[in-house]
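> The primary structure of each chain is shown beneath.
Number of protein chains: 2
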Amino acid sequence: MIKKVRTVLVGLGNVNQGLLKILIDKEKEIATKHDLQFIIVGVIDSSGMAVNEKGFGYEELVNLKFNKGKVNEITGFIPKPTEEIAHCVEADLLIDASPVNLTPKNPGTQLIKNALAKGWAIVFANKAPLVLAFNDLCKLAKEHKTKILYSATVCGGLPVINVLKRDLKLISSISLQGIFNATSNFVLEELEKGGNMDEAIREAQRIGAAESDPTLDISGQDTANKLYLIMKSFADFDGLIKDIEMEGIEKVTPEAIKEAEQNNSKIKLVASAYHKGSWHLSVKPTVIAKDSFLGSCNGWEMGLEVKTDLYESISMKNYEADPKGTSAAVLRDMIDMCSQLGKQATLVKA
Amino acid sequence: MIKKVRTVLVGLGNVNQGLLKILIDKEKEIATKHDLQFIIVGVIDSSGMAVNEKGFGYEELVNLKFNKGKVNEITGFIPKPTEEIAHCVEADLLIDASPVNLTPKNPGTQLIKNALAKGWAIVFANKAPLVLAFNDLCKLAKEHKTKILYSATVCGGLPVINVLKRDLKLISSISLQGIFNATSNFVLEELEKGGNMDEAIREAQRIGAAESDPTLDISGQDTANKLYLIMKSFADFDGLIKDIEMEGIEKVTPEAIKEAEQNNSKIKLVASAYHKGSWHLSVKPTVIAKDSFLGSCNGWEMGLEVKTDLYESISMKNYEADPKGTSAAVLRDMIDMCSQLGKQATLVKA
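Protein chains in written order, with numbering that gives the first Met the number 0: chain F, 0 to 349; chain A, 0 to 349.
Just chain F, same shape as in the assembly (with noise of 0.2 Å):
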């Protein structure tokens, strides 16, 4: 029997058109081999909600924004703030991939609060809320009985939180260096050919891959968002995002670069974690051997080196030159999520 799961799409750019698209192809697959179909019963993006009970076809919604359109102009629509959205509709599950946004106050976290509080389960493409409120999420979801997933939000289709959850179980102790932001990584290739950073950047923006506010991927911060997911992901980590120190890549100079790669090293934006006393947490431009592993993570590539007690060294990377890796973990994290729950049987009501 094929489980009904409402669903609400928060943001409809790359990453849940992407969403969109996969569902369209692989619909069939995804009710034969997981019994799932989800119905998109909300959406909203920087115009407004919409909701509709019977659900918005895939097309639809892919249509609309192919069209430059937008979900205020569409049946449906509620002319309301979106945080209310959980009080406009029922539903099972959210997927947040709305923008960055880590302004304290901003309605996306609040949206988020009052989704968990209905029970929705939530499944995150956007790291904002849960950098700016981490344990608050963890804990609502706790006390309503429901979940929330996040492998998205690190490296894309790269299931880098996954293994460090599920795989390196019982580990001790732990060090970990890894390029988490293929946008900074792309353009710092670009400067070693000889390029222009500017030009690097608004090259990124177009494939799709930059944040929409490309700042945050140059000064380090989205990649010190992602290295605290990370550590949040770990028991015994009770820090705060101040914790890491951070630099970006705007001080970069090709000088630099030159004076690298004649020892035969790269200068990468480098994350990097390991405990003396206590956590030593940083993001900064880093020269790295050429023929390491993170030395040979290029251009669109991004990569994680762990090292524990158990497991000896452990790396992984990707190449992910398109948004569509992060929309398939996005769907992973549904799938999953819906097995998670339905044994308990808060998800999936229809």
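These aren't lab readings, by the way, just hints derived from the structure by calculation. Treat the hints loosely; a few may be bogus.
Because identical chains share one entry, a pair is satisfied inside a single copy or across any pair of copies.
[Said to hold, decoys possible] Below are the DSBU-like pairs computed for lysine-lysine, each with C-alpha atoms no more than 30 Å apart in a straight line:
{"no.": "1", "residue 1": "K164", "residue 2": "K79"}
{"no.": "2", "residue 1": "K25", "residue 2": "K275"}
{"no.": "3", "residue 1": "K67", "residue 2": "K2"}
{"no.": "4", "residue 1": "K3", "residue 2": "K27"}
{"no.": "5", "residue 1": "K164", "residue 2": "K146"}
{"no.": "6", "residue 1": "K27", "residue 2": "K138"}
{"no.": "7", "residue 1": "K306", "residue 2": "K25"}
{"no.": "8", "residue 1": "K257", "residue 2": "K275"}
{"no.": "9", "residue 1": "K289", "residue 2": "K112"}
{"no.": "10", "residue 1": "K250", "residue 2": "K192"}
{"no.": "11", "residue 1": "K138", "residue 2": "K25"}
{"no.": "12", "residue 1": "K3", "residue 2": "K144"}
{"no.": "13", "residue 1": "K112", "residue 2": "K53"}
Take the given structure of chain F and dock chain A to it, following the hints.
Then chain A, alone, in the frame of chain F:
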């Protein structure tokens, strides 16, 4: 409340010795974090089997092997064929870490079948029963409402099987290339340095990384076994291990290695799978670029590169000079198994 899991260890070699040492180190953590305690109610080595309903001490079993003792010397020894163990003690979980024996009628497979028929869950580090009877074992597990897990059979602690099964959901196309045998990778590197094949194999056995029969490593059979288990973890592959074209590293010459080096390449024992009309599977010495991902898997590293329709390219590798990572992977599966089956209340009866 701590659940006591009655556990049988098959094999007391490097992997289960490593497991016992981790159990000693992390006993408290396993209890507090996972509410579990593993009680070793049965052990099997080449000399026979012994049972103890109250549980053998972890240290007792480590010391037994440290002192070169055998199971037929300890209290609880039962002079019966070891495949009868499921009739000699009540248990919830069996860990098969015995040496790989691919003789079709080897008693190890019957032992597993008997255990599944009693509803025991099985965690494998030994690939042989899976390679010989994958479909039968899955069917038996289903019939008796239990499960098998085998993440430790491929690349030790690197969660290759877990990532492919759990994280790359809904992919429609996949091709992969990997280095799955650290011993042959180490041997090839020694040859690059001008070393000798026999000496390199002896060194690999000394540190406990080589299979007890090094032919399995060198001939490509171990790599083929791993490729087969990876392929069986996808729903649409129903081929046989003999469908894998196989060539070992026995005939790799110093001249061929030198020639590759002159072209900025290396010779690696590469497993490959791609689908074109049907699956094309092979294990053979392959010339690959030095600066490619697999070209950078050196010595004791193993790695995998996967290309799919949804996730573009994902690569992962590990460095594991010690079998501890494999032992930790067994323990990861033991804990996952308890959480998966615990919910169905077929496991953990005590």
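> The structure should be examined with respect to each hint, and the outcome stated for every one.
Checked hints:
1. K164 - K79: neither (38 Å within a copy, 42 Å between copies)
2. K25 - K275: Classified as between: cross-chain Cα gap 21 Å, same-chain 47 Å, threshold 30 Å.
3. K67 - K2: Classified as neither; 32 Å inside a copy, 57 Å across copies.
4. K3 - K27: The answer is within: 13 Å in one copy meets 30 Å, while 42 Å across copies does not.
5. K164 - K146: Result: close both inside a copy and across copies, 15 Å intra and 22 Å inter.
6. K27 - K138: between (36 Å within a copy, 26 Å between copies)
7. K306 - K25: Only across copies: K306 and K25 sit 18 Å apart there, 37 Å inside one copy, limit 30 Å.
8. K257 - K275: neither (33 Å within a copy, 44 Å between copies)
9. K289 - K112: neither (45 Å within a copy, 50 Å between copies)
10. K250 - K192: Intra 17 Å, inter 42 Å, cutoff 30 Å: intra-copy only.
11. K138 - K25: Between copies, since 28 Å is at most 30 Å while 34 Å is not.
12. K3 - K144: Classified as both; 19 Å inside a copy, 27 Å across copies.
13. K112 - K53: Answer is within: at 25 Å inside a copy they meet the 30 Å cutoff, but 49 Å across does not.
Checked against the numbered hints above, the structure violates hints 1, 3, 8, 9; every other hint is satisfied.
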